[in-house]
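Asker: Taken in sequence, the protein lines are chains C and H.
Going letter by letter, the first sequence gives residues 361 to 595 in this note's numbering.
Going letter by letter, the second sequence gives residues 13 to 443 in this note's numbering.
The set of hints was computed from the structure by calculation and includes no laboratory data.
Remember, predicted model here, so these are calculated numbers, not experimental data.
Accuracy of the hints is not assured; some may be wrong.
Here are the simulated lysine-lysine pairs, DSSO-like style, with alpha carbons at most 27 Å apart [as the list claims (entries may be wrong)]:
1. H/Lys150 x H/Lys162
2. H/Lys224 x C/Lys447
3. H/Lys267 x C/Lys482
4. H/Lys162 x H/Lys224
5. H/Lys280 x H/Lys162
6. H/Lys267 x H/Lys280
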Amino acid sequence: MTAMITIEGMTKVYTMGEFEVHALRGVNVTINSGEFVAIMGPSGSGKSTLMNMIGCLDTPTAGRYQLDGIEVASLNDNDLSAVRARKLGFVFQQYMLLPRQTALANVEMPMVYRGIPASERKRRATVALELVGMGNRLDHRPNELSGGQQQRVAIARALAGSPSVILADEPTGALDSTTSEEIMLTLQQLNREQGLTIIIVTHEADIAAYADRIVTIRDGVVLHDRKNEAHHGVE
Amino acid sequence: MALNNSKRQILAPVTESKSNGLEYGELLRVSMDSLMANKLRTFLTMLGVIIGVASVVSLMTLGNGASNAITNQFSSLGTNNLTILPGRPNRGGPPGQIGVQPLTMTDVKTIRVLKLPINGPVPNFTNQATLSAAAAEKSGQVLGTTAEYKDVNTIVMASGSFFSEGNVQSASQVVVLGSNLKTFLFGSGEAVGESIRINSMNVRVVGVMEAKGGNPFGSVDDQALVPITLAQSRLFAGRSTSGELRVSNITVAVKNTEDIPFVEERLKMALRDARKLNADGTDDDFQVLNQASFLTSLTQVTSLLTTFLAAVAGISLLVGGIGIMNIMLVSVTERTREIGLRRAVGAQSKDILLQFMIEAMVLSMLGGITGVIVGSILPIILTITKIFEAPVTLSSVIISLTVSLATGLFFGIWPARNAARLNPIQALRHE
Numbered sequence: 361m362t363a364m365i366t367i368e369g370m371t372k373v374y375t376m377g378e379f380e381v382h383a384l385r386g387v388n389v390t391i392n393s394g395e396f397v398a399i400m401g402p403s404g405s406g407k408s409t410l411m412n413m414i415g416c417l418d419t420p421t422a423g424r425y426q427l428d429g430i431e432v433a434s435l436n437d438n439d440l441s442a443v444r445a446r447k448l449g450f451v452f453q454q455y456m457l458l459p460r461q462t463a464l465a466n467v468e469m470p471m472v473y474r475g476i477p478a479s480e481r482k483r484r485a486t487v488a489l490e491l492v493g494m495g496n497r498l499d500h501r502p503n504e505l506s507g508g509q510q511q512r513v514a515i516a517r518a519l520a521g522s523p524s525v526i527l528a529d530e531p532t533g534a535l536d537s538t539t540s541e542e543i544m545l546t547l548q549q550l551n552r553e554q555g556l557t558i559i560i561v562t563h564e565a566d567i568a569a570y571a572d573r574i575v576t577i578r579d580g581v582v583l584h585d586r587k588n589e590a591h592h593g594v595e
Numbered sequence: 013m014a015l016n017n018s019k020r021q022i023l024a025p026v027t028e029s030k031s032n033g034l035e036y037g038e039l040l041r042v043s044m045d046s047l048m049a050n051k052l053r054t055f056l057t058m059l060g061v062i063i064g065v066a067s068v069v070s071l072m073t074l075g076n077g078a079s080n081a082i083t084n085q086f087s088s089l090g091t092n093n094l095t096i097l098p099g100r101p102n103r104g105g106p107p108g109q110i111g112v113q114p115l116t117m118t119d120v121k122t123i124r125v126l127k128l129p130i131n132g133p134v135p136n137f138t139n140q141a142t143l144s145a146a147a148a149e150k151s152g153q154v155l156g157t158t159a160e161y162k163d164v165n166t167i168v169m170a171s172g173s174f175f176s177e178g179n180v181q182s183a184s185q186v187v188v189l190g191s192n193l194k195t196f197l198f199g200s201g202e203a204v205g206e207s208i209r210i211n212s213m214n215v216r217v218v219g220v221m222e223a224k225g226g227n228p229f230g231s232v233d234d235q236a237l238v239p240i241t242l243a244q245s246r247l248f249a250g251r252s253t254s255g256e257l258r259v260s261n262i263t264v265a266v267k268n269t270e271d272i273p274f275v276e277e278r279l280k281m282a283l284r285d286a287r288k289l290n291a292d293g294t295d296d297d298f299q300v301l302n303q304a305s306f307l308t309s310l311t312q313v314t315s316l317l318t319t320f321l322a323a324v325a326g327i328s329l330l331v332g333g334i335g336i337m338n339i340m341l342v343s344v345t346e347r348t349r350e351i352g353l354r355r356a357v358g359a360q361s362k363d364i365l366l367q368f369m370i371e372a373m374v375l376s377m378l379g380g381i382t383g384v385i386v387g388s389i390l391p392i393i394l395t396i397t398k399i400f401e402a403p404v405t406l407s408s409v410i411i412s413l414t415v416s417l418a419t420g421l422f423f424g425i426w427p428a429r430n431a432a433r434l435n436p437i438q439a440l441r442h443e
């Protein structure tokens, strides 16, 4: 097992006017390649801040963050963009698809910023959409798709560039329970069958239950970090 | 819900190309997509630039056309001509014509004996008279002159011929008609050989001149030209109070343009001497009108006017640019989440900047090109229908397109910077 993510003594302090908000107070987490991890915690726990750090959208005040061999903590804005483009795939609660573009164009979009040629983008996007069961909806626009289908397109977008980690922020937050289950099973199968490293951030215990490992954050530190006993889905 | 198990193989890792970032073609496509998504808004935004550029192009073109028309008209009258008029040069001193000796045939002789490198001098003696033919009658200007008038003023005959030096010697009762006057008196019929009456005197038409257009002293097209001797002795009161034969003005055509200043000076000196005036010109009671310098100042006025009009039109282009900035700012705000998404998936700050800059420049360039087309319609119609020669110049097109591109750049940069500086985390959460 190789470490995909190594976080050591990570702190984050936001200055809001006269106040200092300690969002992270020394987080230590290691996530191995091929793991399916849920990060849990109530709002205000610091889990969103941690997600932003793992997602290379922000840099820590102190501590170390290594992603797939890259020391991220000291990178500048341009290098962070490059790391996001190459190493990470994002799945958002609100899907965040470009409304006027087809499913295919949406999945291709991130690869545009890596200078991947158009033909290769199209091939990868098509394979990714087929992987999530959307192979027959390539030319549909978001308004022609259900919420669950839109989130599948978003998952395809995250994985098409073969990232090191897929980071899903409340991926089922906007979906009903049946569709939520389908989406979580999809992620689970991508993890099992394709060996993708997947991190989901959620505040719902039944969603976290699809993961193999649950990291609970509270008050800016890791409260629990344990294997998931009550496992949902297929074993 | 089962995954498509036939796609077992994981997507192979991307072979990274050396060049990070995207080509301009991709950016252009992204910009066009978003412009096409809201066609009405895109069109209305461009309308400001279209109107601005169209006004600049059409005003510059029409202004240049007017300038050219004036220049051509004056060139056809002979820009090497100097005209001597009675009256004090306008530089203060005693006003009006008080104490001014009229120009006379003596002055003509004075000039003739100088043997200057000129054609002429041609004396002109103008009077109002009633001109009548069988079918029509009008009050018009009768110009008494000599046979040299034809060459000095580069007159082209439409029919017949100009009266001869012999006609002038013998004060023949002959007349040459301007084209407008001929049409008024005879319509489309033949005039040469017919008679007209000037006041009560019968004169025979010997020639009709081609149309020539206006000059500062009225158009020759409306005049009747007779031998000056006839005008002075029999048609009008040709004698001054001192008994000399009066003339209204004297024209000379300088053979070489370079000689104009020298000839002008010699004329002045000779006339001052003959008329017993101060040699330094302080009490001149005549003036020499230089058509070349008149033309120069006239062109200066028209080009100043053109520049002024184009500047006014430029203000509407400025307003168009502000329209672009306005809509780009709205667009950046509306698409904050899209910007956040693009940043999250790996777009660099400069990719976002370029995307919005290109969008603003596409708006302004499309507006500029459309504006050039719209602005050229009126000048082209006028030119084709021969109402007015106003060819669209390459310079006005280049200036307009450059200015509209610069407008897009200038007014696009602020909204684009706003977009590029958005924090990805906050942009993603934007509602």
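Asker: For this structure, which hints from the list above don't hold up?
Answerer: Hints 2 and 3 contradicted; others consistent.
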